[in-house]
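K.L.:
If you read the sequences in order, they're chains A and B.
The numbering used here puts the first residue of the first sequence at 1, with every later residue one more than the last.
The numbering used here puts the first residue of the second sequence at 301, with every later residue one more than the last.
No wet-lab data here; the hints were simulated from the structure.
One or more of the hints may lead you astray.
[To be verified] Calculated pairs, DSS-like style, for lysine-lysine (alpha carbon to alpha carbon, straight line, at most 27 Å):
hint: 1; chain 1: A; residue 1: 178; chain 2: A; residue 2: 274
hint: 2; chain 1: B; residue 1: 577; chain 2: B; residue 2: 523
hint: 3; chain 1: B; residue 1: 523; chain 2: A; residue 2: 178
hint: 4; chain 1: A; residue 1: 178; chain 2: A; residue 2: 165
hint: 5; chain 1: B; residue 1: 577; chain 2: A; residue 2: 101
hint: 6; chain 1: B; residue 1: 722; chain 2: A; residue 2: 274
hint: 7; chain 1: A; residue 1: 178; chain 2: A; residue 2: 77
hint: 8; chain 1: B; residue 1: 722; chain 2: A; residue 2: 77
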Amino acid sequence: MQPVRTIQGSHTRLSRTIHGVVYNPARDEIVIPSTHAAAILTFAGDASGNQPPLRYIQGPDTRLSEPCGVALDPVRKHILVANLGSHSVTVYPWLGQGNVKPVQEIAGPKTRLGSIMGVSYDPEHDVIVVSGSEPTISRSRPAIFMFRGTDDGDVAPLREIVGPKTGILGDWHTAVYKGEIFVSVMQSDLIPTYTSAGLVPTYVKYDFTPHIPTYHGISPRAGLKTIPPSGWVAPAGFVGVWSETANGDVPPIAIIKGVDTGLSHPSSIALNPKEGEIYVVDPGHGIFTFLAPQLFGLGE
Amino acid sequence: MRRPKRLRSRSRLGIAAGICALASLLLSVVSDLAAPARAQAGDVGQSASSSHPSALQSALNRALLGGDLTPVRCVIDHYPEFSGVAVDSDHDVVAFSDFNLKSLLLYRRTGNVVEDGITQPLTQIIGPDTRCETIGNVLVDPVRREVYTLNADTGDSIMAFPYSARGDATPRTLAVPHGAFAAAINQVRKEIAVSSTAVDIVTIFRLGATGLTHPIRYIWGAKTGLAVPWGIFWDQQHNEIGVANDGNWWEGDFGKHSARDLNLVRLQGAQNEPRLKAEFRPPSIRIYSGLAQGDVTPLRVIQGPKTQLDWPRSIAVDTVHNLIAVANLGNNSVLIFARDANGDVAPLRVIHGPHTEIRNPTGIAIDSRHAEIWVANFGHQGEAFDLNAQGDVAPKRIIRNAPPGTPVVGTNSTMALGYDSKRNQLLVPN
């Protein structure tokens with residue numbers, strides 16, 4: 001089937017690398033990060049065609065840096081952003097426009113945030129959930145981080161799900177529902193071969209061996225002897241469910257995984273608790289709907 | 301490691317259960333492929349040497365809490381979806397890159413056989429050994445009779461195959477910066493230029509380079525004006541490189557102000573941090589000297605409202621007729637400019653309208669010898685137009701990879717998903 005509508009064209013301010021999207025039912029709006037313009041775009045919920053955003057957040061004071069995941073706090077009316085480039089979570093009023101400063105910024109070595117992709121928010125427990133990996137420089141591990149909704153600055157996470165028993169070799173996005181964290185565990189291990197100057201995050205190979213690169217100018221990663229294996233040649237991904245109270249090296253309490261699921265490397269997930277449906281997108285494969293009401297409410 | 305074959309599916313979409321069942325069959329092949337020798341799909345969380353079931357394995361056995369569930373619905377396209385096109389008039393070959401099934405398809409320029417509405421290719425290069433993943437554009441080398449494609453999102457590589465390649469062929473591979481969408485060859489200099497959308501750079505390598513190789517030159521920096529560079533051409537007669545840009549610009553893409561450096565500063569406790577600029581700039585075609593190195597300003601820039609540029613995705617140059625053609629993705633058109641156009645100038649001609657059947661054009665090529673323009677629509681057909689075509693005209697020839705009227709799903713490299721609870725719709729960024 002083809003889409004019922006598309007939002008596309010130069011006026012939209014969209015470009016490649018859209019790693020997040022969230023619908024705001026309170027305002028009937030769509031919030032999307034524009035990674036390569038360091039911006040957060042807000043569209044009307046019924047936007048279609050080459051339609052510009054209603055407003056956007058962009059500028060040096062925003063401290064946006066390769067924004068990827070986005071989430072909404074409906075109580076405080078905030079937009080939460082996972083910044084891949086600066087390993088931070090920044091928070092803005094959802095009516096914010098232009099070069100606005102974040103009202104909160106979770107960043108720094110105590111946070112243990114590294115290459116983060118996704119963010120979600122549980123209003124019932126006031127918990128911010130961040131998916132990605134631990135810090136850079138010398139080692140990196142994929143993890144799910146949890147912070148308080150009011151956290152700001154260089155603060156330690158409340159809890160962190162990390163370790164081999166989790167089965168996570170590479171996570172991407174999360175969705176939360178009443179104390180449950182649903183994770184699209186992609187498992188793809190992207191090893192960028194080239195980069196610009198400076199030390200950059202390491203990526204854990206699927207045997208958890210740390211991997212320490214150095215980069216100088218535009219050149220292949222030092223220490224690499226051959227082109228890295230494809231990120232897609234990794235164990236099959238899955239959807240895992242953890243309780244928000246989980247901490248440390250713990251397996252999921254529920255899982256969608258296997259040949260019949262059709263999932264290979266699921267990248268993102270959305271929930272419809274009312275219908276008991278879980279929507280999963282798998283890049284290059286398709287969009288899948290699972291009817292699994294039994295997986296909702298496990299965190300209560 | 302076992303190498304299951306990729307399938308070139310010709311199945312039509314049926315009822316939801318049938319779709320999902322077929323998807324499971326196709327994707328089961330991919331899932332088996334994805335399991336390395338040491339860790340099988342069911343053994344996540346369990347070490348290879350352990351003989352006791354892990355807690356995770358126990359969870360798998362509890363069907364009440366999930367497990368190997370069959371989806372009740374899925375949105376999937378079983379046919380190729382073209383993303384790029386290249387033409388070799390010396391050997392009468394037209395090549396298309398297929399983002400959906402991760403393949404390359406080569407056809408005759410004319411006189412292809414059609415079965416069940418589908419144009420039969422001369423060959424399809426497809427399979428895990430090809431390294432084709434998120435492939436963007438395609439180009440051909442008529443001198444060496446090779447076809448190239450690039451991984452635009454993962455894989456960070458450009459792959460070259462001989463025209464004679466079939467099925468799961470192993471390419472000659474060169475590592476390139478992340479987000480490489482298109483490349484162009486200069487046969488005189490024996491060099492290849494690659495545009496990388498994710499880091500706003502054009503890198504130039506020696507033609508035939510393989511593996512991990514330093515580029516011999518690169519165009520990169522704030523003065524270049526590169527802002528998500530997509531299509532590229534190399535005018536070897538005038539030794540000029542042309543690059544199409546979306547316009548989304550961020551200072552952090554240029555090494556000195558890398559946000560990763562910013563984080564390093566934070567971790568070391570420094571107090572002063574640079575503030576990074578970001579802008580939405582107009583789309584543009586930027587022309588550089590073929591010998592450009594480093595942070596250089598372009599020789600010419602086609603930019604402004606008169607140009608009608610709207611997400612220019614691929615570009616091609618014709619030095620015989622002195623033209624530049626643009627696949628204008630944003631408004632489903634093809635724009636033709638003079639080769640030396642500069643500034644806010646209107647195109648010489650525009651091909652646009654329902655009769656053209658141009659829809660989501662992502663690839664373009666010019667056949668100077670036969671005076672034709674080829675267009676790859678992101679979907680199920682590619683088209684050839686007369687070089688002088690203008691307005692709402694029908695294509696001369698159409699190459700189809702699916703029966704006429706087959707819907708195009710149009711998703712590619714989808715890394716996010718949202719749910720609109722008001723409209724009961726899924727929001728899928730691409």
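K.L.:
Confirm or reject each hint.
P.N.:
Comparing the hints with the structure gives:
Between residue 178(A) and residue 274(A) the alpha-carbon distance is near 13 Å, which keeps this suggested pair within the 27 Å criterion. For the proposed pair residue 577(B) and residue 523(B), the alpha carbon gap of about 14 Å is at most 27 Å, so the pair holds. A C-alpha spacing of about 50 Å is found between residue 523(B) and residue 178(A), which places the hinted pair above 27 Å, so the restraint is violated. For the suggested pair residue 178(A) and residue 165(A), the alpha carbons sit about 24 Å apart, so the restraint of at most 27 Å is met.
A distance of roughly 14 Å separates the Cα atoms of residue 577(B) and residue 101(A); the hinted pair therefore holds under the 27 Å criterion. Taking the CA atoms of residue 722(B) and residue 274(A), the gap is near 12 Å; set against the 27 Å cutoff, the hint holds. For a cut-off of 27 Å, the pair hint linking residue 178(A) to residue 77(A) stands: about 19 Å separates their Cα positions. Of the pairs offered as hints, the one joining residue 722(B) and residue 77(A) holds, with about 19 Å between alpha carbons and a cut-off of 27 Å not exceeded.
In this structure, the one hint that does not hold is number 3.
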